[in-house]
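Given chain Y, work out where chain V should sit, using these hints.
Protein sequence lines correspond, in order, to chains Y and V.
Taking the working numbering, the leading residue of the first sequence gets 280, the next gets one more, and so forth.
Taking the working numbering, the leading residue of the second sequence gets 280, the next gets one more, and so forth.
Errors might be hidden in some of the hints.
Identical copies look the same in the list; a pair holds intra-copy or inter-copy alike.
As the list claims (entries may be wrong) - Simulated crosslink set (DSBU-like; lysine-lysine; CA at most 35 Å straight-line):
#  : residue 1 : residue 2
1  : 294       : 474
2  : 436       : 479
3  : 301       : 572
4  : 382       : 479
5  : 382       : 294
6  : 436       : 572
7  : 449       : 301
8  : 382       : 572
9  : 449       : 294
10 : 572       : 294
11 : 294       : 479
12 : 449       : 479
13 : 449       : 572
14 : 474       : 436
15 : 382       : 436
16 : 572       : 474
17 : 301       : 474
18 : 301       : 382
19 : 479       : 301
20 : 382       : 474
Because the hints were derived from the structure by calculation, they are not lab data.
Here the structure is a predicted model, which means the values were calculated and not measured.
Protein chains: 2
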Amino acid sequence: VLGLTVVTADGRIIKTGGRARKSSAGYDLTRLFIGAEGTLGIITEIALRLYGVPEAIAAAVCQFDSLENAVNTVIVAMQTGIPVARIELLDDVQMDACIRYSKLEGFAVAPTLFFEFHGSAGAVDEQAAAMQAITAEFGGSAFQWATQAEDRTRLWKARHAAYYAALALKPGMTGFATDACVPISRLAQCIMETKADIAKSGLTAPILGHVGDGNFHLVILFDNTISGERARAEALATSVSLRAIAMGGTCTGEHGIGWHKLDVLVQEHGEAVDLMRSIKRALDPHNIMNPGKTVPLD
Amino acid sequence: VLGLTVVTADGRIIKTGGRARKSSAGYDLTRLFIGAEGTLGIITEIALRLYGVPEAIAAAVCQFDSLENAVNTVIVAMQTGIPVARIELLDDVQMDACIRYSKLEGFAVAPTLFFEFHGSAGAVDEQAAAMQAITAEFGGSAFQWATQAEDRTRLWKARHAAYYAALALKPGMTGFATDACVPISRLAQCIMETKADIAKSGLTAPILGHVGDGNFHLVILFDNTISGERARAEALATSVSLRAIAMGGTCTGEHGIGWHKLDVLVQEHGEAVDLMRSIKRALDPHNIMNPGKTVPLD
Numbered sequence: 280v281l282g283l284t285v286v287t288a289d290g291r292i293i294k295t296g297g298r299a300r301k302s303s304a305g306y307d308l309t310r311l312f313i314g315a316e317g318t319l320g321i322i323t324e325i326a327l328r329l330y331g332v333p334e335a336i337a338a339a340v341c342q343f344d345s346l347e348n349a350v351n352t353v354i355v356a357m358q359t360g361i362p363v364a365r366i367e368l369l370d371d372v373q374m375d376a377c378i379r380y381s382k383l384e385g386f387a388v389a390p391t392l393f394f395e396f397h398g399s400a401g402a403v404d405e406q407a408a409a410m411q412a413i414t415a416e417f418g419g420s421a422f423q424w425a426t427q428a429e430d431r432t433r434l435w436k437a438r439h440a441a442y443y444a445a446l447a448l449k450p451g452m453t454g455f456a457t458d459a460c461v462p463i464s465r466l467a468q469c470i471m472e473t474k475a476d477i478a479k480s481g482l483t484a485p486i487l488g489h490v491g492d493g494n495f496h497l498v499i500l501f502d503n504t505i506s507g508e509r510a511r512a513e514a515l516a517t518s519v520s521l522r523a524i525a526m527g528g529t530c531t532g533e534h535g536i537g538w539h540k541l542d543v544l545v546q547e548h549g550e551a552v553d554l555m556r557s558i559k560r561a562l563d564p565h566n567i568m569n570p571g572k573t574v575p576l577d
Numbered sequence: 280v281l282g283l284t285v286v287t288a289d290g291r292i293i294k295t296g297g298r299a300r301k302s303s304a305g306y307d308l309t310r311l312f313i314g315a316e317g318t319l320g321i322i323t324e325i326a327l328r329l330y331g332v333p334e335a336i337a338a339a340v341c342q343f344d345s346l347e348n349a350v351n352t353v354i355v356a357m358q359t360g361i362p363v364a365r366i367e368l369l370d371d372v373q374m375d376a377c378i379r380y381s382k383l384e385g386f387a388v389a390p391t392l393f394f395e396f397h398g399s400a401g402a403v404d405e406q407a408a409a410m411q412a413i414t415a416e417f418g419g420s421a422f423q424w425a426t427q428a429e430d431r432t433r434l435w436k437a438r439h440a441a442y443y444a445a446l447a448l449k450p451g452m453t454g455f456a457t458d459a460c461v462p463i464s465r466l467a468q469c470i471m472e473t474k475a476d477i478a479k480s481g482l483t484a485p486i487l488g489h490v491g492d493g494n495f496h497l498v499i500l501f502d503n504t505i506s507g508e509r510a511r512a513e514a515l516a517t518s519v520s521l522r523a524i525a526m527g528g529t530c531t532g533e534h535g536i537g538w539h540k541l542d543v544l545v546q547e548h549g550e551a552v553d554l555m556r557s558i559k560r561a562l563d564p565h566n567i568m569n570p571g572k573t574v575p576l577d
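Pulled out of the complex, with its shape left as it was, chain Y reads as follows (with noise of 0.2 Å):
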């Protein structure tokens, strides 16, 4: 994001950036307003900085036996520096759930990894190389190309409608995501604990990330009419959050805050939070700007 024009509390109409690709005149007003979540104005424009369509862009996917083998593979590929444009991990649960619901065929219901490379040919062909070195340690599949766009579309649907799949995996019931970001050398630690919760919490959660950025969800699924399940999907998902702040991470890696994780953000940020109640009175004095979300005020 190169700039914003804002709508401010007291009805100015304000920019934040121009069309440079950097600058350091004045605070950085942009990212102040990017996550704020409208809480300190209405962002009505927004400047973009585009990229080129890569040369070759080649999708794969790569099924483990175990979680921790999957996620082991993300964190050495990061470690390693391979410059792989996407990395998406799906656990058993949430594999089992797009296969059913995205009709994926030729898949097993196993923790799976879904990867894109983008470059020049020769870029692409040799990202994939130095990918399937690592997956092979790891004990994964053999590399399911989809080098055709229409393939790669198809996959990509299958992994975009993930949140519709899992919530098919139990008609009738609730869902709601968890968003946890941890360092990448904790990932493979805080998946796995987390796996356990889950079994011992007795509720269905499929796990899906943007596992080469530390980031990953639950679909934590329950059922409103029984009493006290809601209770249970929200401890559920605070240990989450407070396991991934424990780890050096945030509870929210791009959901945001809302009105659901107040808590936790103190938890998370401590003082820090009295500096955005600042920002926050300073910019929107009658807390007219989306009221109650992102920032507790008392």
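What follows is chain V alone, placed relative to chain Y:
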């Protein structure tokens, strides 16, 4: 930058982020303190994300008949999306200064690009070949390669000494740097108009820049003992800032505002400066943090 430890104006010690690669937990205090030039708090610790040393690194120098051809090479390279790790421009005056000061041999006094390519050995070859095809189109010389670490160090040392090399052009004179950054598409026009302004001013002002970002600097040399010469230098610097702003860019790509550019900050950001002022007053009500800098309070 993943996170900071900051001492606030009221004496608290806060942490703005953890070790996760991304977070959307509350307002982005990390980006707010970065570039605030100490006016909102004192940064005492920085958590950085580290990158591995690339498998292969190669540096190359290419010289041009005209400044415009050198800059247009960069524009096409950026628009083509070649992932060059560094592209540095030195105009004829700066190149002359560097050749003399750093005793660079085998180079002409001519507009010059320094390139650095990072990646696997194959990727570096590929990037370099793609870049050579573009430089050839604009009449660039054959690449002079520096693949050995010591040759690269010699080149980049000369580049890093550019400011001192510029000062050495006119012993006893004072120099100050400008810092325009414009959209890549306007870079050639911006630099050529600036070069004409320098000629009109009668001052010596070599041009060098991180042109892959659209960012370039002049080192404007002037004689403080000659009446009116500082004013001429200031006028030239202001014209560079205002031209960058008029082209959708910024008066400072990386140096910051300090007290010298408080006026042009207002030209660039307009009413957004009121928001910066509100933030400054909220976080430092007694104006004890680097007072007078970055944001004009009146």
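Evaluation of the provided hints:
1. 294 - 474: between (45 Å within a copy, 30 Å between copies)
2. 436 - 479: For residue 436 and residue 479, only the intra-copy Cα distance (31 Å) is at most 35 Å; the inter-copy one is 59 Å.
3. 301 - 572: Both: 30 Å inside a chain and 20 Å across chains, each within 35 Å.
4. 382 - 479: Within one copy only: 30 Å inside a chain, 70 Å across chains, cut-off 35 Å.
5. 382 - 294: Answer is neither: 46 Å inside a copy and 46 Å across each miss the 35 Å cutoff.
6. 436 - 572: Answer is within; shortest intra-copy Cα gap is 31 Å, inter-copy 50 Å.
7. 449 - 301: between (48 Å within a copy, 31 Å between copies)
8. 382 - 572: neither (39 Å within a copy, 61 Å between copies)
9. 449 - 294: neither (46 Å within a copy, 41 Å between copies)
10. 572 - 294: Both: 24 Å inside a copy, 21 Å across copies.
11. 294 - 479: For residue 294 and residue 479, the Cα distance is within 35 Å only across copies (34 Å; inside one copy 50 Å).
12. 449 - 479: within (19 Å within a copy, 75 Å between copies)
13. 449 - 572: within (30 Å within a copy, 59 Å between copies)
14. 474 - 436: within (25 Å within a copy, 52 Å between copies)
15. 382 - 436: So residue 382 and residue 436 pass the 35 Å test inside one copy only (11 Å; across, 59 Å).
16. 572 - 474: Close inside one copy (30 Å), not across copies (51 Å); limit 35 Å.
17. 301 - 474: between (41 Å within a copy, 22 Å between copies)
18. 301 - 382: between (45 Å within a copy, 33 Å between copies)
19. 479 - 301: between (48 Å within a copy, 29 Å between copies)
20. 382 - 474: within (25 Å within a copy, 62 Å between copies)
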